[in-house]
Structures are given as C-alpha cells and as structure tokens.
Amino acid sequence: MKKQLLLILFSFLAVAGYARVITGTVISESDNEPVVGATVMVKGTPRGVATDLDGKFSIDVKDSDVLTISNVGMLQQDVKVGKQQSLRILMKDNAQLLGEVVVTAMGQTQEKKKLNFAVQQLDSKEITAGVSNNLASTLQGKVSGLQIMNTGGSPNASQTIQIRAISSINTSQNNEPLIIIDGVPVRGGGSSLTDINPNDIETMSVLKGAAASALYGQEAANGVIMIVTKSGKDGKLTVTANATLEVSQAARVPEIQSSYAPGSKGFYVLNAGSGGWGAPLAAGQQTYANLGDILETGLRENDAVSRTGGTTKANAYASVSYQKNEGIVPEDYKDQFNVFLKGQFEPSDKVKIQVSTSFKESKSRGFGNSMSSIYNWGITKNMSDYQTLEGFPNWDAYYDDWSKVLEENRIGAAISPYFGRYNDKGETTSTRIMLNGQISYEPIKNLVLTGKVSYDKGYSMYDSYSVPRFRESDFSDPNASYLSDYAYKFGSYTFQPSRSERFNAQFLATYQRQLFNDLNLNVLFGIDWMNYKSLSSQLAGQRFELEGDFYSFQNIDPSTFTNSSSSGYYLYLNHSQYNKYGYFGEIRFDWKGIAQVSVTGRLDGSSTLRQVDYKYFYPSVTGGLIFSELFKLENDWFSYGKIRGNWAKVGKSSAPYKFTESFKNCSTYPDAAWGIDPPIGVALNLEPEMCKSWEVGADLRFFKSRTRLDVAYYSTSVDNQIVTVRVSPAAGQILQTRNEGCVENYGIEATLAQDIFKTKDFDWTVTANFSLNRGKVKSLPDQITQIDGTNYGGIFPTAFLGGSTTGITGKDYQRDPDGNVICNEEGYPLINTARQLYIGNREPDFLLGLGSNFRWKELTFGFLFDGRCGGDVVNITGSSLISNGQHHLYDKYRNREIVFNGVVDNGDGTYRKNTTPVILDQNFVNTYYYPVSSNFIEDGSYIRLSYVTVGYDFSKLLAKGCPVKGLNLTFTGRNLFLLTKYSGSDPQVTESGSSYGSGSGGFDRYQVPNVRSYNLSLKATF
Amino acid sequence: MNRLKYILSSLVVCLGATSCVDMLDDNVNPDRAHQVTLQTGLPVIVFYAQQTTYDHAEYYAYLSQCLTTTGKSAIGTYSYKSEWEFLTMNRHPQWRRHFYDIGVNVRNLITQADAAGSYNYTLIARTVRLLSTQLTVDMFGDIPLTEAYKSNSPKYDTEGTVYDWILRECDDLIAAYENTALTEASGNQRIDAAQDRVYAGDLSKWKGLVYAVKARALLRNIPNIDTSSATCQKIIDAADKAIAQWRSGDLLYGAWFGNEPRYNFDGGTNEQNNVWSAAQPIINSWESRKNLLDAAVPSKYFIVDCLGLNGVGTKSEGVFSAEFGTSNEGFGNDPRIPLLMIARKGPDGDAAVRMRFLENNIGAGTSMKTDYYPKLYMGAYAGSNTGGGYNPIFTMEELYFIKAEAEYWKGNKTAACQLAKEATQYNIERHLQFLRSEYGVQYPGNFSEGKPLELEGCTGAEYHPADEVWNAQLEACFDK
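The listed protein sequences correspond, in order, to chains E and B. Be aware that the first sequence starts at 1, since it is given in my numbering, and climbs by one per residue. Be aware that the second sequence starts at 10001, since it is given in my numbering, and climbs by one per residue.
Simulated from the structure, these hints should not be mistaken for lab results. This structure is a prediction, so every number in the text was calculated from the model and none was measured. Just to be clear, a hint being listed does not mean it is correct.
Stated by the list, open to error - What the simulated footprint calls covered on chain E by chain B, stretch by stretch (three residues with Cβ under 8 angstroms from a Cβ of chain B suffice, anywhere in the stretch; the number is not a length): (1) 606 to 620; (2) 671 to 677.
What the hints assert, rightly or not - Derived pair list, reagent style DSS-like, types lysine-lysine, alpha-carbon separation capped at 27 angstroms: (3) LYS10315(B) / LYS10241(B); (4) LYS10369(B) / LYS615(E); (5) LYS425(E) / LYS404(E); (6) LYS313(E) / LYS489(E); (7) LYS981(E) / LYS92(E); (8) LYS965(E) / LYS892(E); (9) LYS92(E) / LYS664(E); (10) LYS649(E) / LYS664(E); (11) LYS404(E) / LYS10369(B); (12) LYS113(E) / LYS960(E); (13) LYS10413(B) / LYS10300(B); (14) LYS10150(B) / LYS664(E); (15) LYS10300(B) / LYS265(E); (16) LYS10290(B) / LYS664(E); (17) LYS892(E) / LYS265(E).
Said to hold, decoys possible - Some residues of chain E that are not near chain B, with every Cβ distance over 10 angstroms (derived): (18) ALA272; (19) ARG307; (20) THR311; (21) LYS313; (22) ASP335; (23) LEU435; (24) TYR581; (25) PHE627; (26) SER667; (27) THR668; (28) ILE680; (29) ILE734; (30) TRP764; (31) ASP816; (32) LEU889; (33) VAL903.
Where a beta carbon is used, it is the ideal one built from N, C-alpha and C, also for glycine.
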C-alpha cells in the first residue's frame, strides 16, 4: 500500500513537474494596454505561443522553466516560472527603436542623449515611407541638412547626396558622405544606395559634421550614412512577403510651340526638319505630338520575400527581392534582383559572431541626357515614322527631298530617336556582392574586442552596338574625306567591362569602467585597413564590314581600332588602387549620465600621399550637459534640455596617382615617340585637405517629450584645398595639383517632432526639418579667381573666389550700377564681352521638410512636403528650346514687338528706361538673347508634395487559424504636386551623378522628365 | 587583472606588427608611362625643335601682316579674330613650347642620358634647348632661366643675362662637341634616322646648328648695342663656321644647302604630316595650332609692297604676263610669287586667273570666297601633296643674311649686297627644287597635265610661259 501511495505521489509530482499550464497577461508599461501578438517562448526550447487580442497566453511549463517574452518595439524580458500560476508581465518600449538610442561611429550604439554632435536616425518605417524605386530619393525632406538630387525620372537616374555642404571644390575630390553598412564602409556614394533593398534596413543614421565622423577618418569628411540591416528575431519563423505595383507618368514636361514649322527666319527651308524658326503653319497642315507620343507610362513591379527566425543564441534573416522597372521613355529599364542573408550566433556568453552576405544583380538600359533631339524635332515631322522596310532610317519622314541633300551632308543627317532606341542595343549588366563578418569577444567584463572583415566587389559590363545608318553604296565615294570621321554611322560596337572591389579589416577594443561613484569612463581603440582596387576597360570599334544583322565585335573593321581618346571608340584599360590605414581612439567621460566629455584622435596613412608625408593626425573634442537634469528643471511642460558642443578636425587626402609625371604617345609624334603628357595635373608636394569644424546645439523636449526640438549651428573651414590649376610652364608643368585655397561653410539645422495624439487607437505625429547653409570660397591660388567644372555651352558650375562654392559663371549683359541691362539707342541689349562672369548661385537659401503620420486603429495616412527656397537652376533645356524656335512662348510672342527691359545710357553717366521696341525673331534671339547665359538662370525655389500614403492593416480581420498572420495594403502617390516658378521639368536636378568638386547640381540638361507615380503595395506576414 | 595586462600587451604587439608604409600602394599609375627610354624620348625633342620653329613663323606671319582672311562671310568669324591670331595665353605656343614641351622633355632626357653615360643624347638635347631659349628670349625679353622649374613663380632673368648664357652655352657646347670623351664615349647608344629625322645622330652636323645659333645671337648686337668692327667680325666668323660645318662631310642637300638642319617628313614609323601642309596636323587635338593657309589670303602689304605684284590698279593686275622684255613679265618683281602661291580663278564677272590680294582686316565682299584668292599650299614647305617635304630648323639663307648684315655694318656694302643676292637666289632655288621633285617642272609656269595650275582649273598659254620669260624675270630681279 505504501508503495502504491508512493507511486501515485511520484506520478503526481512527475506530472506536476513536467506538464502544468501557466497563464499570463502581457501589458505595455507605457499605456497599460494589452500587447497583442507578443511571443512567449520557453527558453531553450522551440515551445512557444502568441498572446491573444487581450494580451493573454497559456503555455505548458515546469517550475524550472524561464519564459522569454518578446515583441517588436519592446524590450525582451525573461521571467522565471517558479511556483507561479499566473503572470502579469509589463513590457517596456525599446528606446532604441523609438529613436532614443542610435548607432554611431564604429557601429557603437549610444543613447542619443549622450551624443554631443548632430545625428538623425530613421527607422525602417520612416525609410520605406513613400517608397520610391531608389532608396536615396526617399530621404529627401526627412533629414535636415541632407540634399538629394537626381538626374531625372529614368529608372537609371543617378543621385548625388550632400550632407550640409560641399567641402572640396576640386573636380577630382569627392563630396559625398561615406556609406556604412553594418559597421563597415562600402564602395560608392549615393549610387550605393540603389543596390540595397530598402526592406532590409532596420535603421539609418545620418552623422553630420566632422565630430560625428571623426573616428571614420578622411572618407567621412562629408558625413556618414550608417545603415544597420535587419537581423533575425527570436521566436518562431516568420515569413514576410511584399508585392508592389507602380505606374508613373512624366510630370511637368516642357511645352513645345505649336504654331511654326521648321525653317529659318520665318521662311520655309528645304529639308529643314528641326526647330521651329520656319513659316507659320498653313491651315490644315498636319502636326505631330512627338514629345507626347514618345513619353509612355512607366511600370514598376517589386516582389520581395523575407524570412526571420531563431533563438536567443542564434538567429537568421534572409530576403529575396526582384524589381522590374520600365521608365517613361522607350527601352529605358532597370531590372534588379537582390538576395540578403544575415546570421547571428552566440556560441558562448562571451562570443558573438555575425555574418552577412548581400548579392545584387541588375540589367539596365538608360536613356541618358538625350531629350534634346526630341524637344527640337519639328512639329510637322513625324518622329515615330522612323524606319524603312529595309531597316534603315526613314529620311523621307524628316527631309522634304532627300535627293537634294548633298552627300557630304547626308552622313550627319538627323535620325529619329526611336531608331536608336528600338534597333540599337546598349545594356549594362551589373553584379555586386558584399560579404561581412564580425566576431566580438568579451574576455573580461566590460572589455569587448571586435574584429570585422568585409569585402565588397562589383562587376559591371556594358555591351552595346549601334546598327548601321547607311550602306557604303549610299555614297558615290565611300573613301571620301568627309566620311572619315563618321565610320560609326556604318555601325559600331562598344564593350566596357569594369570591376571594383573594396576590402576592409578592422579591430576594435572598447572598455568601460566606473572610475568613481558617478563617473564612468569609456575607452575605444581601433585599427583599420582599407584596400580599394578598380579596373575599367573598353573595346570599341566602328564600321561593320559585313552587311546584314551580324552585329558583333568580330565584324568591326580592325583599321578603326585606336587608343586615341579623341575618338569615342577607342581601346583602353585603366587600373586604380589605393589603400589606407588608421589608428583611432576615443576617451569618453560620463558623469551621472548628465555631462559627457569625449576626446578622439585618429592617425591616418594614405597611399595617395605616399610620395610625401603620408601620415596625418587629427583630433576632436565634444562636450554636452543635460542641464535639465543637473538643475532639476523638469516640470509639466519642460521635459528635457541638453546643450552640446564640439570641435573637430578631419583630414582628406587626394585622389591617387597625383605625383607621377606621365608620358604619352601622341598620334602626331612620329616614330613612336613618347613625350610629357600635359593634361595630367602633377603634384610636387601635397598635404591632405584639413577640415576644421565646430558646432553647438541643443536638444529640447517639452510636454513629456511629446515635443522634441533639436537645433544646431555649425561652422566648417576646409583649408589646403587640393586644386588642379594652370601654372606657368616655367614651373615645368601645365597643370599642377597643389594645396591652395580655403572653403568655409556655416549653417543652421533644426528638427522638430511633435506627437499630437498618442492613444491606443489614434496617433498623430508631425515632423519638420529645416536647414540652411552658406558656403564661400575664401581663398584660391594666386591670380586664380575660380575653379570651373564642366563647360555646358559657355555656362560653368564654378567655385568663385569670394563667392559661393556652388556658383554659376557665364556670359551676361552690360549693366548699369543698379544692375539694369544697358541697351543701345535701337533698343538692343549690349552683351558684356567677358567670357565668364559670376551670374548665379545654386546654393539654396534654406531647405525644409514637413511630414505627418496619422493612425486610426488599422488605418494609416502619411504625407511629406519637401521644399527649398532659393538656389538657382540653369535651364539648358530651356535655352535649347529658345534657340531652336521651339519654346512655347513663341506661340504668343514671336514676330511681335517687344521692349527689352533695360536702360539706355544718356552719355553723362545717367540712364533712362529703354522704350524702343525690337522684333522678337530668330535674329534677335540668336544674336542678343541665346548667347547670354544669365537669361537661363532661374530661381529653383519649390514646394513639393513628395508623397501621400494611405494604408490599412487587415491583420485583425484574419481568422484565427489562418496561416496569414498579418496583412497590410498601402497606396502611395509620389511627386503629386510641385509648386515652383521654375519653367523646366524639376528644379531639384543634377546634370550627372557626379559629386566631385562644385558638382553639376542645378543643371537641367535634357534629362528624362521627372515622374509622378502611384503605387499599390501588399504585405503579408506568415 | 592579469588577463587585462595580457590583452593590452597583445594590442601593443599588434600595433607594432602593423608596420605602416610597406603596406601602402606605391601610388604610381600602372597605366601611364612614367618614364621613357632615350630612343623614344629623343624624337619628341627633335620634333618640337621643328614645331617651335613653325610656331615662331606662324605667328610672325600674323604679326607681320603678310596674311589676312576674307572675314565673317567666308569663314564665319572676324578676319582679325581667332584666325591667324595667337594672343590668348592658352594658344600662345612659344612660352609653353620652350619651358614645357622642349624644356621638360629635355630635362628628362638629359637626366636619363647622363645616368646611362650616353652623352650624344645630352648634346643634341642641349642644342635644341639652346635654340629654343634663343627664340623665346627674342620674343619675350626677360624670361626665367636660373630659377626655372624651381618654383611656380621663378625669378625672371634679364634679357641680357639670358643672352650671356646663350653665348656661354654655345661655347660650352662647341667644346663639348669637340670632346671625344663625350662624342665617342663607350656608353653612347646609336641614334638612327628614326630617332633623329634631322641628322640621324650625326653630332658634327648638330654642332653646325650651335654655330648658327651663336651667329644669330651675336647679330642681336646690331644695330643698337655694338656695331663695332670686332663684333661684326665675330658674327661673320660664327656664320662662317656654321656654313663650313654644314658644308663638310657628306652633303645631304647639295653643295650650297649642304647639311642645313631640315626636319624631314619622309616616312618612318607613324609618318606624320608637315606642319605647313594641307594636312594641317595638330598635336593632341589642342596643343598646337594648325596652319590656316586654307583660310588665309595674301595681304596687299605682302604681295604688292613686298613682292611687287605687277600691274596693280590696272587691267593686268596680278596676271601672269608673258610679254617678253617688259617690266611686267611674270607675276611681279619678286620671282618667288609663283613659287609661294598659285593663282586661281575668280568669281563670275572676274573669272580671270590672278594673284588676288586683300587689305588687312577689312574682309572681302560677300561675292568673294577664299578660293578666289591664291592657294598658299605651295613651295618647299607647304606644297607637298602627300603632306611630306620638310620644315627647316635653320636655313643656309639666314646664315648668309646674317653675314650680309654684319658685313654691311662693318662697312663692306658690296659684300653685303652680294651675300644677300646669293641667299635670295638660293631661296628661289630651294622652291624650284620642290617644283622639280614634286611636279617635274623646271620653272613656275612650265606646267602641263596634272600640275598645280591644271588642278586649279587653269590652263592656257598665258600660264605656261616659255622659260625665257622666267629667266628674264630672274635677271630683272637681280639687275643682271
């Protein structure tokens, strides 16, 4: 009996030990509401459940079990079961995901209140809000001091990113910020961001100013964009699928005149097919909407799947996405495939390992800045009738009588843009792989050693041919001298493979120690090494020897092979390599969490200065005080106040290969001779550019931190500008690279966030960003007054001595002391003979962004306005329309009498208003208007409704047993509204994706018009 | 604590292990040549020697107003601007040519040649630099010399200092050319015609150029500095030595022209075109100016006032007159008119073949085109249809004129006149040699099928005068 009782008791105890049910409720500490869908796991086992709509759960446990409760946006908790029958678990909001903790230099996370420099962080929702086809464009208006410009509305448009201002005015020095992904720098600037799937991003921090990026060294002289990718989550496997469909159309296309045929000076000219300077249209004369017809509706599809799961010891995240994007002009597309894998593993309490790999492959064909011929196509000529049945250009659609065109003029005949688009091939295939691994080890408490290695490699291949426009039999003498420069008209082939790779290795040691009761010390020391290699090449030739469709490089006439760059079809192979190392360290003191002081130092060595003193050191100091805590100032309306300040220096070395003289075999040198190559700017001695900056700021919060205001004032000075200038040949050079010049910037930034409502069912937040920057060129080399960029038909982006770093120079009229244009007695304006005068400034007066997000239960609504005041734009597209007689103003004003807005010199130093009319005709335009660059400088102020997004979360409507756990539908409209005086397509434009020197921002030159888009996005979680 | 010490020690070791500079790339562009060999460097220096001579002559054609253009209606721009205009810094070749194209290439070559012990290259490079320095100081006056290449703003030496250096360098070079330790050094590498299109490495002939530059430099004493008999004699002696040097050994260009330095565009690897030819070569698309002879017309000053075009203001103006025994025989007083240019047909209403001309900088009427004016691709330098021919770095005629000037100031006017006439006669002979080799004719006007006048659409007996007309013109010119 006793035995039976013992057996029963043992059995009872056994059952009681292994299989009892515990219940509980999970509540949010911040609002006392139940947490729905929180994961409750038995630690170390795969057993888990999710909380229901009331936050309740029940799960089988034994007394020794530990429950792990986790939820997105909240701090994970471990709770011992013990003898408890029921649990009430309060979960705190995760401050990191609420923006209170940010990722800073070297991947260190810090509470924002302990930082003493300007940094702004976006979470994954903010990043993907108003989703665009590229990540960079979505940032405009969301971060103060961050300016994004793109090269138009093509899927292949390039972007330039600028934080605060440009620091280097030389055209070989880059001004883009450093991009860091999971703690390691990657190749490329703004263009890097297009390779990343936005859905893989957890947070993005923008570190502005030298102090923020001092630890990263010279590459971060223009700021840092730090991206942290998503990691696996503890808990059961979760699969998320996204599908997006977007349509887009051209927004704000330049208007073309509709009243005049091609010709000259108001007359019909035989075989004139472009422009509109001919006679007025005859009654019933047919016209064609060439511009409208070529612009199509763009379509983008994006499908992505991601999977995340794991335990507290190991987790993984994986994603696959595919995007197909067709632009608004024919055969302008970009298809991209991304794969991302990331795993984290903790083999022990002291060791953490993280590895990730990212793969991207894309195929694209761009349109470039090629809208010129479309805008200038005569309205009486049918551009879409582009081809004969034999597959050659249809000359009769453009020329009135092709037989009257002389042979020497036929070779340069105009061809419809459709012909090249549909017959030629020009595709770029690009592959990128990024590998990233890091291991951290905590040998003793508070000492963490981290090793990181990353490898970023990209391949790109541009493979193109253009079909013959002519046959040799079209010319009586195929060897005639006038054909010698036009071999490509008989076909051409260009093949450009390129490759670049970057290797980073970093060792980091951090140590924390409490020195006294309230004083903490943090020490960071690190070493890093970077090696960059690239290769670019071209195989190109002209003239297909065999007629027909054998469009192959093997069919190219070998006599056209050349290595002379004067021909566009030449052979080259270029290598580039440079590397850098750095030793860096930081000492930071923190007193009671109220006051912080830190000092950093970094010693860099750069191979690009190998021939001179290649090592340079630069320090920084930061300090901050939370005065609200120190003086106990918190009350109902004032929640928090901190002031901060910093001073920093950052060095920036030159581009590689600046010291070696270069010899060249010019085609005119006989006997295979080699002589010194003048266009190569050689340095005799160089030092790194040195940026010194200081910044003061304040972080103020009101009404229980519902109102958050961050303001900063900064001033930077970049000395030792590395410039390439002409020198007297008596120095032994034509172009010399040297240090001379100083650029200064100062500015103000402000960010305001306001939580207007925050309840369980309704929340409403507003954010506003404001920034202004003033850049000035303080000094340049002797007798140099400006550093010019690319020449756009006599208009230059210019860094001008005493003026802006982003100035504009070109031709202007003669002006009186009050700035009025001086006219002669006949009423014609007088043109200043100077070739380059300072005529504009592309720097905006200020930038702003205003966004808001609403949520009512499951319905969300958000919008973002971004805007700019001031900042000139050069409308080269518009100037072409003016010069070619195609501008829409000619419908109303051509051949009318106009009075030029100016003054007439009385001869005694006084002026009177001009009242003498002149005729607005081709003579006037091409003699007195078009040659004057200042006529095409326009104010680029704008306000844009960047996006409006409406979404609904259907998750709560799903049945309990449904495999779909979450379902969201979002509709977004982008670029819905643009208010601007600018007459071109879009004032927020750059001519090329180049961010070097003064850049080409603000030059509108035949880009594909910007687009307005509408997309529908469905997201399901399983 | 021990563990912490161990870790810190490891960190220190790591620091020391990362020895910095060895890990850095050498920062030398692998795709650009950063040094050249003597064999590939010398042709460039010799090429620029002729180029600087061309540059000098090209803008002197402008400065002297011998050529002008028809103006905006024909060439799209003003007749005085952009065409035959050299005054913008970027286009001014002489300063850049001397200090950079010649100067830097010479410095590199001399450094390499001295290091290799191949002093023949050094001597030729110094000779070219000497010539270039003399041309440059003549143009600019004060120029950097002692501090050239030492800074971005080198000190300018006075013209006098530079000339002193020129004369010292001449004497040093002459001594060097006579020093067998240099001219026959065992390390001297062979120089062939592919490297040196002027003399194929023959140092004795290059020595002649040093004497010639010395004569030219000494001439600068006349007429304002020193016209003493002793100085004049020095000039004469230098010229005589140059002449003698160039008339010794095997004579490349005959008894009179001897071995004057001619840069020959006569084939080889990458045969290039004569700078004066219709091929209009440009160095590297922007580093030199092409000759603009296709858009230029002879000015009235040149063709009327200098060359004495016949019948100006009459019906026979600029027409080749075959009237024997008159002062209007030929195109003009100077027999070189038909040697330097080819008359062409005019517009409707004035279709006659003539040597037309234009006042400087006024432009031509709207009915006139450049093609109605004489074709200037003619003569020993510019006339080759294959772009060949030669460009002389120094001419024998100039040596004779130098001597003539010195003789004149010495008081020996008869000798001076004789030397001037002989130089002119052989200058005519120079261009006649071109006619014989290019077209197989003995005198201008003696053209038949396929010859220049035929190509210009001009035929007819009046353009093919008998040789006695040509000889009579020569006699009239030289007062025989």
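Do the hints match the structure? See the list:
{"no.": "1", "hint": "606 to 620", "verdict": "holds (count 8)"}
{"no.": "2", "hint": "671 to 677", "verdict": "holds (count 7)"}
{"no.": "3", "hint": "LYS10315(B) / LYS10241(B)", "verdict": "50 angstroms, violated"}
{"no.": "4", "hint": "LYS10369(B) / LYS615(E)", "verdict": "65 angstroms, violated"}
{"no.": "5", "hint": "LYS425(E) / LYS404(E)", "verdict": "32 angstroms, violated"}
{"no.": "6", "hint": "LYS313(E) / LYS489(E)", "verdict": "65 angstroms, violated"}
{"no.": "7", "hint": "LYS981(E) / LYS92(E)", "verdict": "50 angstroms, violated"}
{"no.": "8", "hint": "LYS965(E) / LYS892(E)", "verdict": "62 angstroms, violated"}
{"no.": "9", "hint": "LYS92(E) / LYS664(E)", "verdict": "69 angstroms, violated"}
{"no.": "10", "hint": "LYS649(E) / LYS664(E)", "verdict": "39 angstroms, violated"}
{"no.": "11", "hint": "LYS404(E) / LYS10369(B)", "verdict": "23 angstroms, holds"}
{"no.": "12", "hint": "LYS113(E) / LYS960(E)", "verdict": "43 angstroms, violated"}
{"no.": "13", "hint": "LYS10413(B) / LYS10300(B)", "verdict": "30 angstroms, violated"}
{"no.": "14", "hint": "LYS10150(B) / LYS664(E)", "verdict": "24 angstroms, holds"}
{"no.": "15", "hint": "LYS10300(B) / LYS265(E)", "verdict": "37 angstroms, violated"}
{"no.": "16", "hint": "LYS10290(B) / LYS664(E)", "verdict": "20 angstroms, holds"}
{"no.": "17", "hint": "LYS892(E) / LYS265(E)", "verdict": "17 angstroms, holds"}
{"no.": "18", "hint": "ALA272", "verdict": "19 angstroms, holds"}
{"no.": "19", "hint": "ARG307", "verdict": "38 angstroms, holds"}
{"no.": "20", "hint": "THR311", "verdict": "30 angstroms, holds"}
{"no.": "21", "hint": "LYS313", "verdict": "25 angstroms, holds"}
{"no.": "22", "hint": "ASP335", "verdict": "33 angstroms, holds"}
{"no.": "23", "hint": "LEU435", "verdict": "21 angstroms, holds"}
{"no.": "24", "hint": "TYR581", "verdict": "6 angstroms, violated"}
{"no.": "25", "hint": "PHE627", "verdict": "36 angstroms, holds"}
{"no.": "26", "hint": "SER667", "verdict": "7 angstroms, violated"}
{"no.": "27", "hint": "THR668", "verdict": "5 angstroms, violated"}
{"no.": "28", "hint": "ILE680", "verdict": "7 angstroms, violated"}
{"no.": "29", "hint": "ILE734", "verdict": "6 angstroms, violated"}
{"no.": "30", "hint": "TRP764", "verdict": "51 angstroms, holds"}
{"no.": "31", "hint": "ASP816", "verdict": "28 angstroms, holds"}
{"no.": "32", "hint": "LEU889", "verdict": "29 angstroms, holds"}
{"no.": "33", "hint": "VAL903", "verdict": "28 angstroms, holds"}
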